[in-house]
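Given chain Z's structure and the hints, the job is docking chain F onto it.
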Amino acid sequence: MDSTAVETTVRSVLADQGKLSEDAHSIAVDADLYRAGMTSHASVNVMLGLEDEFDIEFPEERLTKATFTSVQSITEAVEAIRND
Amino acid sequence: MTESTVLTEAPRAQDTPEDRVERNAARAEAVARVAREHAESVDEEGRFPREAIDEARAQGLLAAPVSEADGGLGYSITELCRMLERVGRECTSTAMILAMHHSQTLCLTRHADTEYLREFTRRVATEGLLLASATTEVNIGGDTRTSTCAVRPIGDGRVHLHKTCPVISYGAYADAILVTARASEDAASSDQVLLVVEAAHLELERQRGWDALGMRGTCSESFELDATTRADAMFETLFETISAQTMLPGAHCLWASAWLGMATQAGLTARSVVQKAARKTPGTTPPSALRLAELEVQLQAMTDVVRSSVARYEAAYDDPAACESMQFAIAMNTLKVSGAEAVRRIVGDALVIVGITGFANRSPVSLARLYRDSIGPSLMVNNDRILQHTATMQLVSRGQR
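In order, the protein sequence lines correspond to chains Z and F.
For what it's worth, this note's numbering labels the leading residue of the first sequence as 1, then goes sequentially.
For what it's worth, this note's numbering labels the leading residue of the second sequence as 1001, then goes sequentially.
This is chain Z alone, in the form it adopts within the complex (with noise of 0.2 Å):
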């Protein structure tokens, strides 16, 4: 899966579990979520639809907001998991 791939399966999770104001599959790929209407518990369940989606887990460390805070952010920690 490239990153391009990644990218949208990232906003299809966003758009089933962000609860963002604006639509997940446009948002700027460097928009703030938080600023966009995502809790820390919508969070919670965009990381839940990540681990299923791309099978994964996130380590500890990953386990914070800078992780979450854009489509970016998020893209790039799940293709550094996948590449561990």
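I should point out that these hints are in silico values taken from the structure, not numbers from a laboratory.
Among the hints, erroneous ones may be present.
To be verified - Output of the computed footprint for chain Z on chain F, the stretches with three or more beta carbons under 8 Å from beta carbons of chain Z: (1) 1087-1097; (2) 1316-1330; (3) 1390-1397.
Unchecked claim - Simulated pairs of lysine to aspartate or glutamate, EDC-like, Cα-Cα distance not exceeding 16 Å: (4) K65/Z / D32/Z; (5) K65/Z / D23/Z; (6) K65/Z / D1319/F; (7) K19/Z / D32/Z; (8) K65/Z / E1240/F; (9) K65/Z / E53/Z; (10) K65/Z / E1324/F.
Beta carbons are placed, not taken as given, at the ideal position from N, Cα and C, and that holds for glycine.
Frame of chain Z; chain F shown alone:
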């Protein structure tokens, strides 16, 4: 402002850590003495503990965490928490007001990021200002990370805000209130800012008084809050950051320390009663001594949890990533729940050891007021809500502590 003997003392040339500990203890002792003297009338009349808060101001303790350069005492979070342990032994209301006040002063000392806010922080020290907070709102179910009300610019560098507040503890007695609101009328409910509103810039319309079982002096009344203030009274740092790094861990460490003081006092009372009985029967350990030993297990555990949590926050204090990590958030949540449960159990168990004289309202070893107060911690920010947040985080946590 009343006399401020300790506050105005010049820094000593050779100040050892022991000197500092001793001076801090003397300040706490002074407040504890006044708090003890008035605790009964504060409770009976359900009134603001004016005398003890005045003494805290006179001792410079209202500005304790403000840097010495800005006129404060430069207390660390650990030093603040030890002070609350001491005051918590004498008057729960005084200790909780100081704890809630310092949850707010810490937001200023750590996040003041406009010229007005930096100047206001200095004024907290020079004028001995008392700060309250309005973080809960009607219809948000007590979740402080959600707001309905919004800040509205009204031109001229000013903003307006109206908030329906189910509780503002000692709101009617505060010199300023730190209020949360959505950043704008278009903002999502979680996109919040924190702003300082001085008493002169707000109108509080009391909706409901405070005649409660315990913590009666906190005067936790409900208000309609209407504020018009300068736009730079708003922190530029988003509230979610302030909440994660400071307000939540700060509040839980400070509250739990006050509760530890309450539990400690109950334990001391039970101990004095058991020892008195032992003196009457030398050679025979009184049956109540076994209960006292059981109580000691709980007291030691609570002391260790509270103090090690405070030490953990102290260690993470200057590391935003550590403060915003999930394991830290879970630790600070469990601190609140375990502290609240522990104080309720310990004071209740101590009361059983003391017996009927502890049950009496008028007795030198009465634990009646403390017992009523000890229920409060489990209800103020309900433990179930905190467990709910923790449960959510547990779904992805890897269990590191």
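Right, here's what the structure says about each hint:
no., hint, result
1, 1087-1097, "violated (count 0)"
2, 1316-1330, "holds (count 5)"
3, 1390-1397, "holds (count 5)"
4, K65/Z / D32/Z, "holds (11 Å)"
5, K65/Z / D23/Z, "violated (21 Å)"
6, K65/Z / D1319/F, "holds (14 Å)"
7, K19/Z / D32/Z, "holds (13 Å)"
8, K65/Z / E1240/F, "holds (10 Å)"
9, K65/Z / E53/Z, "violated (20 Å)"
10, K65/Z / E1324/F, "holds (7 Å)"
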